[in-house]
Every structure is written in structure tokens, then in C-alpha cells.
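Student: These protein sequences, in sequence, are chains D and G. Heads up: the first sequence at position 330 corresponds to 1805 in the working numbering, and the numbers run straight through without jumps. Heads up: the second sequence at position 235 corresponds to 1710 in the working numbering, and the numbers run straight through without jumps.
Hints in this document: simulated from the structure, not taken from any laboratory. These numbers were taken from a predicted model, which means no experiment stands behind them. Accuracy of the hints is not assured; some may be wrong.
[Said to hold, decoys possible] Here are the simulated EDC-like cross-link-like pairs (lysine to aspartate or glutamate), alpha carbons at most 16 Å apart as the crow flies:
1. D:Lys-1884 / G:Asp-1823
2. D:Lys-1700 / D:Glu-1726
3. G:Lys-1515 / G:Asp-1581
4. G:Lys-1892 / G:Asp-1564
5. G:Lys-1884 / D:Glu-1683
6. G:Lys-1883 / D:Glu-1878
7. G:Lys-1605 / G:Asp-1564
8. G:Lys-1882 / D:Glu-1878
9. D:Lys-1694 / D:Glu-1854
10. D:Lys-1700 / D:Asp-1538
11. D:Lys-1883 / G:Glu-1826
12. D:Lys-1884 / G:Asp-1655
13. D:Lys-1894 / G:Glu-1683
14. G:Lys-1884 / D:Asp-1823
15. D:Lys-1892 / D:Asp-1655
16. D:Lys-1761 / D:Glu-1683
17. D:Lys-1892 / G:Glu-1683
18. G:Lys-1883 / D:Glu-1683
19. G:Lys-1892 / D:Glu-1683
20. D:Lys-1884 / G:Glu-1878
21. G:Lys-1602 / G:Glu-1478
22. G:Lys-1524 / D:Asp-1655
23. D:Lys-1884 / G:Glu-1683
24. D:Lys-1883 / G:Glu-1683
25. G:Lys-1884 / D:Glu-1706
26. D:Lys-1882 / G:Asp-1823
27. D:Lys-1524 / G:Asp-1823
28. G:Lys-1884 / D:Glu-1726
29. D:Lys-1759 / D:Glu-1706
30. D:Lys-1883 / G:Glu-1878
31. G:Lys-1894 / D:Glu-1683
32. D:Lys-1894 / D:Asp-1655
33. G:Lys-1883 / D:Asp-1535
[Said to hold, decoys possible] For the chain D half of the interface with chain G, some residues (derived, Cβ under 10 Å), not all of them:
34. Leu-1553
35. Arg-1557
36. Thr-1568
37. Asp-1650
38. Leu-1678
39. Ser-1729
40. Arg-1776
Idealized CB from N, CA, C, for every residue including glycine.
Protein chains: 2
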Amino acid sequence: MSEELRGALIIGQSGGPTSVINASAYGVIRTALDADCITKVYGAHYGIKGVLNDELFVMDEEDREELDKLMYTPSSALGSCRYKMKDPDVDDTDYKRILEIFKKYDVRYFCYNGGNDSMDTCNKISKYMKKVGYECRVMGVPKTIDNDLYGTDHCPGFASSAKYIATSIMEVAHDTVVYDTGMVTIIECMGRHAGWLTAAAALANVSERNCDLIYLPEKVFDMDKFLADVEKCYKEKGNCIVAVSEGIHYEDGSFVSEAKASATDGFGHAQLGGLAAMLANTVKEKLGCKTRGIELSLLQRAGAHVASGTDISESFAAGKAAVEAMLDGETDHMVGFECTRGEAAGYDVTEQSIAGYECHTKLFPLSDVANYEKHVPDEWINEEGNDILGGFIDYAMPLIQGETPMKKKNGLPDFAKLKKVLA
Amino acid sequence: MSEELRGALIIGQSGGPTSVINASAYGVIRTALDADCITKVYGAHYGIKGVLNDELFVMDEEDREELDKLMYTPSSALGSCRYKMKDPDVDDTDYKRILEIFKKYDVRYFCYNGGNDSMDTCNKISKYMKKVGYECRVMGVPKTIDNDLYGTDHCPGFASSAKYIATSIMEVAHDTVVYDTGMVTIIECMGRHAGWLTAAAALANVSERNCDLIYLPEKVFDMDKFLADVEKCYKEKGNCIVAVSEGIHYEDGSFVSEAKASATDGFGHAQLGGLAAMLANTVKEKLGCKTRGIELSLLQRAGAHVASGTDISESFAAGKAAVEAMLDGETDHMVGFECTRGEAAGYDVTEQSIAGYECHTKLFPLSDVANYEKHVPDEWINEEGNDILGGFIDYAMPLIQGETPMKKKNGLPDFAKLKKVLA
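Please model the entire structure based on the sequences and the hints provided.
Tutor: Listed below in C-alpha cells is the structure:
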């Protein structure tokens, strides 16, 4: 334990929401409220913008019961932003303002809960405060359904979306096979550059084959090959379920979703209905079969009712560890996970292969984390680039275990309602 | 108790699936398996087509444990069809074939599990068997997420989809308010002619206002009025969440989803992305704000993981009651529900208003049920035609209570896997 630093803490949330980002925020808030030397706990409204605009909510004023509900309330309860901080050497206006606010509220602890860009923000603020000699400990708490943060085994938020996707694909697969007339169903998952969420479609194949073809942005997409794959599957099975990442792209790097009228897709209005609708239409035109495009859209990152219990616990633990590390004198790091896994079992998931999973928090230097992207390893994608191999199952299966402790009120989610008292 | 009729039973499923149609089928199967005078229980593959094609699965051969899982396995486990039976006076080919199969397997009990058309099929088969003097008791078991069957208080399947829709809208609403930049989100629900499912968006407003505008097919849609409604809401709140039925239509009866290029919507490719995408695009063009269209698609009728416990129990009860009624000598009816409700409380749902709910099965003559459609009553829709009133809340709230007993395996649904042994 280093020397005690007395002062207030600010927690901000940034980037796209997840169904468990509030569990992380609550890990920070709860631990900070319980810490003697943390004099006040503030929540920044709309991330760093809330600091810049002097809009801070006093977490000490909230009812314990409502705060507890943050464990299963999706999205960013404090509000979020996508605000890119300038290089302080070029323009330090924002940094001066942040320092002013930190001084005004005697802020000595700053936690930022987000993805790549948020870790970059964290890093820049930390370095600036050091430079100007203002003592403030800074800690990043990761969240991103995209699971693309460097260093950490996985990111809080990924597993809950993965569980949503696998569950939904299992259900949709049951729906699409009911008639003897056949159908090709295209399911679009989020993840513009990294295919982790789309790969989660493979989890739907553990108990029985539900998803026939899976296309990640890690591989170059070829429309003719895709149509041939779908045709082959449809002819063999009479049905075909396909998962595609929103980020699939052609060899020249252009997104398939943005493709203009061409001989291949035949029209130029893909932006209207998104990728799934466009691919469904292309398959329909080429193969003449019944098709349906389903975009999982915001549902996949907001679906708290089917969040992973493991993800919720770990998200809370990450927030808690961030505050504990700062109390111990640490700064300028991101909390991540280091995991060990049970015996590899691939698609033949066993109790042993899941039970061997252990997860510990670990600190990663912010400068290592910011602005890198982690992709699905090549060895977890099949040669043809249309399926996911057992290595991914071993990796992801332990993460989606356990159910949410979500309380219901009148049969519907009982989400946290914060008072949001401004400082 | 009428005289005992010994013989086999056939259960068939028809029309679009729901997340609880298998609970009804299981109500039939379980009760039939336990009945002494029912000698064999067959499941027809792909509904009435399975009878015509002599493709019957022997339910007696299935493992009890897997059959039990039908309680929470979505979609039609036996397969479904959309097969319209001809008028037997015009063409009795199918009826002769059905009689032949009934005789072959000594079928004396026939249960059909479906919507409007299925009740019509039931009715025709029943009348034909009577005409030719073949003793066979026929009973319809309703299912339809559309909730549009005549006579019964509500239809098995509706409540689970309603719960899915309300839960998803609450979650999506949390997601869309995180930024200070604002967004208009259009959520498209199923129900081509009846607006019951879209009205369920109002259930998301009980704890706090999550869905701002709701448009049902019961009212004529006016694009200019719609855009004005959205603009007003967006300007007041900074965000706007809209639920629309896939069946909204203009004064001339044409579906909004099928509208071609016009001054109002500005393009002619609505079929690509569906109604939600088209409306989102129209709003974007007119108001210049960020928009998103979300089509709940098959997810809303397959979402067994968030099915209503009440719906599951009632669906099973309907199937059970069908067999019990036939054993009692009844025929040519559909099992429906007669309900009493607690004190009206509208949007201020109280424990009392829910606790007073009671539901009993009741027989309705098939000829009364077939080919009618029940719509959302006018007095439950507001004057402006863009919101749902408290009467609907009193009606629907008790139906979505309780959670599914779904068992999970490795964190994912453990759906029934039937052996499907052909007779």
C-alpha cells in the first residue's frame, strides 16, 4: 500500500454501450464509495464531455438499491460520447479545462470505462497531469462488445453479446426449418474490423449444427464464392443459415455493405436495409429461393436480459480492481484479464473444459493498449474462410456461462433509475 | 364422460411458429400418452402435409426427458405448413386421402395446432369425417403471435412475443439515449392486419416512457402526420423511439412497406430492407437527424429464452384441455381462453391489478372461429392514432408475467431433440 491519497473520483463511460458496461461502472462506484480516502464519487455525464462541461453527477446521493441494479442495466447509465482528444502538444485547451475541473472538485482518481479510443483518452490525460505536476491516478476499465482490445484475454461486454447472438441464432434456426419449402437466412452481426462477435455464431453449433456458414472481416470476402457456398449448403440441407460480420469487405478493402450497383449484387441501395438485407436479396436473385435478412442491430449489445453471468461478474471485478489498484498507488494502466482454461475440447464441450476456466484481473500499461486492434486468430478460421474452428469454442465457451441476476418488475426488466444529482 | 372411443391420435402444427407452440403440442402429446383409450400418439410432419404424405412420427417412441423440453423449445418441433384445404364439395381428393390414413392408423382423435387457417382446416376435416360416417373427434388448439383469433380472450404465443418486444424496446431505448447527439429509432413489429404485437410496445412504457410513438394497422397511416409526430418528439426530447406494425397502410389500403418512389418517401426500394429501414431513411431525409431502423423479424416469434411463464403454462393447458375434451366426447371445437382480470389500473400497474387475473379454457365452435380476425379495439388507441391507452395495459400485462423454466446447457438453451421415428 502506497501513501494514502485523499480526494474525489470521477468515473466516465465512453464509446458504444454494452449490456454490462454499467456493471463495470458499478464496480468502480461501489468500491470508491466504500473507500475511506475517496471523499466523493462523481459520474461524468456523457463521458469526458461531462468533465469539460462541468456536468458531474454525485454518486454518493444515489440510493443503494438503484445503484445495485446497475449490475443488470444495459447501456451507459451516465451517458457516453465519442470524443477524440487532441494531442496536448498541438492543442491543450481541453486538458487545461479538465485540470481546472479536477482542481475544482479535488479529483485525485479518474476512471474511464470504454474501448480503444477511451484508453487513448485515459493515456493522454494521465500524461498531461503528470506533466503539469497534478497528482491524479488514472485507470482504464475496458468495455467493448468488439473484443478487440490488446493485451487482455477478452473484453467485458463481449461475452454477453456473444451469448445473445448464439441464443438468437439457435432460436432463429429452429424457426426457419419448420416448412418443407426451405429458406436462406442471413444474420448480420456487429464488428466492423474484428470478427469476434460473428465468430460467436459458432457457439450456436455446439449442441447441433445451427449456423452453416460464418464470414468474418478477417478474411477477404468473395461474392461468387459466397453464393456458391450458400447454394451448396441449400441444396444439401434444404435450408441455410449464414452469419456475416457487418465489416466483411472485398479485396480492395471496400465494405460489401457499401457496394454500389454491380453485376454481382444488381442494385445500389444497400445502405437502406443494411448488409443482411442486401445479401438476402442477392441470394434470392441468384438462387431463386426464399431468403430473409436479419440484422441483430442494437439488440445484440443491449440484450441485458440474456447477459452472461460470468461477464457481469468479471465486468464488476474489473471496475473494482481499477479502484483498488489506484488506492494501491497504481496509475496509467488499464485493468484487463489473464485467464487459464480447462482441457481443450473444441466443439465437444465438456464440463471439464469449462470448469478449468479461471480469470484474474491484471494491469496493462495504457500506452500498450491504446489504438491497437486484436483480431480473431487465423488458426481459428477454417481454410475456406466460411467457418470457425474448435479453438474459438475453447476460448469463448467459458465466457458465456451463467445467467444474469436481473430482477423483473411486472414481468419486465427492473432497470436502475438514477437520481443524477448534479454537483 | 361419454362412451370410450379407442384409437390413435394425430397432432399437427400449422402456420407461422411461436415460441410456445410446442408447449401446446406437448399438452396434447403428454395427455394423450397418459390416456388409456388413446392407443398411439402420432405427430404429423409438416402439419396436414404429413398426413397426406403418410409421414407420421411415433411420439410413444420419444424419450420423456426430451419431450419435456418441448415446454421451452421454440417453433414447430413437428414441422409446419401453410396448406389451404380445398372445399370438399369442389375437390375431395385430400379428404379421401386423409380418411385413408386415418383408417390405416386407426386415428380417432385429431388435434390441429395453429391460427385462422388451421381452424378452417380442422373444421373442414371434422365436417367431412361426419359426412362419410367415420368417427373421429377433432379439436383445434390455437396459436398465433398475431393474437387475432375470434372468441378466445387471447391466443397462446402472443404474450411471449409481447414480452420479447417490450423487453427489447426497453433495452434499445436505454442504448439510444447514451449520446447527447440524439437519434430516431424505428422498431418494426409483426402483425400484418392486427396490431396486437405492436401495441405491446406500450408495455415498455409502464416503468418509464421508453416508446414515444406507436402505429398500428388498425388506423390509416399518414406519412406527413407521422413525420410531424416524430419531429415534435425529437425536438422535445432529443430522441424518439417509434414502434410500427409491418402492416401500416395508407388510406387506399396499400402497405407503406410496399410504397414505390413518391414525393413523400423519395425512393422505391423499400422491399430491400423492410419498413423500418425505409421509415428511418425517410425521417433522416426529412429531419436530417441520425436514425436507425430495427426489424424484430423472426427474433420476436422465436425468442423462447424470454417467453412468458404464463403463456407457457396456458399453452400447455390448451393442449391438455383439447385432449380431455375429446376424451369427454367433444369434437369440432377450438380450445380458447376465458379470463377475468383484476381491478383496472392502466399504466399504473399494481400487484392487485395483476393478481386478479384468472384464465380458464373454454370450447369455441370451429365454425365461429375460422376465418375471422380480431383487431385491437378502437378504445385502446388514442385519438391521434399514435399511442396505446391504459385499457390495453390492463388486458396484456397479466399475460406476460412469469419467466420461462428453460434449462440451459453450457450457458445456451437446451432445446428438445426428438428422434422422429416414422410410423
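Student: Which of the listed hints are not met by the structure?
Tutor: 4, 10, 12, 15, 16, 21, 25, 26, 27, 28, 32, 33, 36 and 39
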